[in-house]
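A.B. asks: Those protein sequences? They're chains E and W, same order as listed.
Take the first sequence: its letter number 77 is residue 77 in my numbering, and every next letter is one higher.
Take the second sequence: its letter number 301 is residue 634 in my numbering, and every next letter is one higher.
Source of the hints: derived by calculation from the structure; they are not laboratory data.
Computed from a predicted structure; not experimentally measured.
The beta carbon of each residue, even a glycine, is placed where N, CA and C say it ideally should be.
Be a bit skeptical, because a hint or two may be false.
FRET-style restraints, in silico, Cβ to Cβ [to be verified]:
1) Gly627/W <-> Ser286/E: 42 to 48 Å
2) His460/W <-> Asp137/E: 55 to 61 Å
3) Glu160/E <-> Gly420/W: 29 to 35 Å
4) Thr419/W <-> Pro291/E: 16 to 22 Å
5) Met374/W <-> Arg101/E: 31 to 37 Å
6) His159/E <-> Glu610/W: 27 to 33 Å
7) Arg621/W <-> Ser286/E: 48 to 54 Å
8) His153/E <-> Glu610/W: 24 to 30 Å
Next come the chains, spelled out residue by residue.
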Amino acid sequence: MTNGDAVATNGARPTLEVRDLIKHFPVRGTRGKVVVQAVSGVSFDLYPGKTLGLVGESGSGKSTVGRCILRLLEPTAGAVRFEGVDVATLSGGDLRHARRRMQIVFQDPYASLDPRMSVASSIKEPMKIHGIGGDLDQKVRDLLALVGLNPEHGNRFPHEFSGGQRQRVGIARAIALEPEMLVLDEPVSALDVSIQAGVVNLLEDLQDRLGLSYLFIAHDLSVVRHISDEIAVMYLGKIVEYGPAEQVYEHPQHPYTQALLSAVPVPEPGIERARSRRMLEGDVPSPVAPPSGCRFRTRCWKAAEVCAHTEPALIDRGSGWPVACHFSGSDGS
Amino acid sequence: MTDALTTFDSDDDSLPRPAAADAPLLDVRDLHVTFKTEDGMVSAVRGVDLHVDPGEVLGIVGESGSGKSVTMLAILGLLPNTATITGSAKFRGDELVGRSTKYLRKIRGGKIGMIFQDPLTALNPVHRVGKQITESIREHHPELSESDAMERAVDLLDSVGIPRPEVRVRQYPHEFSGGMRQRAMIAMMIANDPDVIIADEPTTALDVTIQAQILELIKSVQVRTRSAVVFITHDLGVIARVADRVQVMYAGRAAEIADVETIFHHPTHPYTRGLLESLPATTTRSGRLRPIAGSPPSMLNPPPGCAFHPRCPRAQIDVCAAEQPPLVPRGEPGHLSACYFPIAAPPETEL
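Excised from the complex, chain E in its bound form (with noise of 0.2 Å):
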């Protein structure tokens, strides 16, 4: 499967259907009460067993993003439909109905298993949520060799494990209620680089074993890369720029999408000291008051008036894909 392939779809029904979803979170500034905005406005769509790269520095809202789409987050506005259902609406057995269907993966296993719990235990305890049936000893077993690990090791602690193997355990647990999709926020960042090999590797067997949907959060560029047939690049709570990404890495059209991608080092020194580099000035703005019109104008070297007081839309601009950008096009420097 080639990644252009990603957007023409054969007309299969997404997976998951993201529609103008905003977030907000008041604050008490020193000032009085103040919104941060967290989430401005964010559309995409995750189909089948397809992976979507959600990347942007800290302070763009993709993890925010995710946990709206599990409601761990209550969105502020906009509508999450997870197979066709609005997932904003449901409410107590429904909701768990959905919650089952789509799972979330941690950066941290160690922050999200019960130290106190061995890990079989920990693996079991969702299904005893929802109701499963059958001998869940087993399921357990099979679910740990699924990941990759002993299944003999299912009485032991989290402390017993390894980081990789602890974000094993966390995704055999993720996937113990058999889900359409997965959340996977930072889930190899915290990770040596010689095991996150290993769990990326697990995470694509899975996926063409199971089917399952994958919304990819990352900031390693590199990773993403790799796994994702389509990225949306946030900056600032919006979308920037989103399409198929092998050609996204390779022509990027948003002037923040190629800073991005020129900052990240290549583990190459002749090509690394070699590269002409994009270098952007200055630090993030706050979410609590994001410039006006287009929310990079400020650190971007093609700003002009207009960009000031006319917001962008997300449009294909010729690329064949969606560019937030009055000045979109490859970078000419």
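On the provided structure of chain E, position chain W as indicated by the hints.
C.D. replies: Just chain W now, with coordinates in the frame of chain E:
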């Protein structure tokens, strides 16, 4: 960790004299660091050799538990007193191991500057940034008046790219963004014109666009002050960008030492090659990733012999598990690795 940078102290321990021009600035031999813990003795550093030449950037790369940070903290006398340090670490020919706190305090923040991952550990939250910089300046230059030092502080903040430095000196660390704090820490460090800058994961907590700025700044500071830099990181991309020479650490020892091109193109230690191969390609979409089998060892109970042997595809158990392999020269001058079955150069496949 903050005391060196915020405490006034003067003593008459004389600072080391300049050594011969070709001598290493920093020369570490057979350094061992052991921590007493509830679970037993942890050997974090187990015989590290390391040297830093004037003006070079030495990259130290390794995964968690490799001892890369502990080695440097030990040299600077910044470890808690549960640590036992043996071996030798000479700065300009003068021994640092076993020296008084006073002496080490004078060295660090003076001739040896430091930048840490989290600037908040080095900046005092209750003092204005300018005050902290002037204290650092005056600790090493007591002849300067408060106002001269403040003037210098403004210039320093300006020189590290902090906008409106005359306003910024009067602010507190929490009013700075992560990138700006790192700039302030660099300003503080260069205040005393160090010979060696030790940068311990200085960009790990930063976003990549800010990381790019800080790497650029460290590079320009190095050129400006003609200092040597020891750059500790787990990120091979960062190593590729900044290092002249690279030391790969594993389980408290040096696995391989070579110039940066050799490390990336002709590694001889299976661990070095494994690390490089486990990375996803950044220029093309790669096929399946190739992890290193197993996990890094527990330093409570490291494997006997070569600590990498349980994960090593080339290991022959009767040899590798018997004794620690010594660092031996390989081909290129300055290329050393510690392996009984090294990969022959040139390798069959380019990475």
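A.B. asks: Take the hints in turn and mark each one as holding or not.
C.D. replies: How the hints compare with the structure:
{"no.": "1", "hint": "Gly627/W <-> Ser286/E: 42 to 48 Å", "in the structure": "holds (44 Å)"}
{"no.": "2", "hint": "His460/W <-> Asp137/E: 55 to 61 Å", "in the structure": "holds (58 Å)"}
{"no.": "3", "hint": "Glu160/E <-> Gly420/W: 29 to 35 Å", "in the structure": "holds (33 Å)"}
{"no.": "4", "hint": "Thr419/W <-> Pro291/E: 16 to 22 Å", "in the structure": "violated (56 Å)"}
{"no.": "5", "hint": "Met374/W <-> Arg101/E: 31 to 37 Å", "in the structure": "violated (49 Å)"}
{"no.": "6", "hint": "His159/E <-> Glu610/W: 27 to 33 Å", "in the structure": "holds (30 Å)"}
{"no.": "7", "hint": "Arg621/W <-> Ser286/E: 48 to 54 Å", "in the structure": "violated (42 Å)"}
{"no.": "8", "hint": "His153/E <-> Glu610/W: 24 to 30 Å", "in the structure": "holds (28 Å)"}
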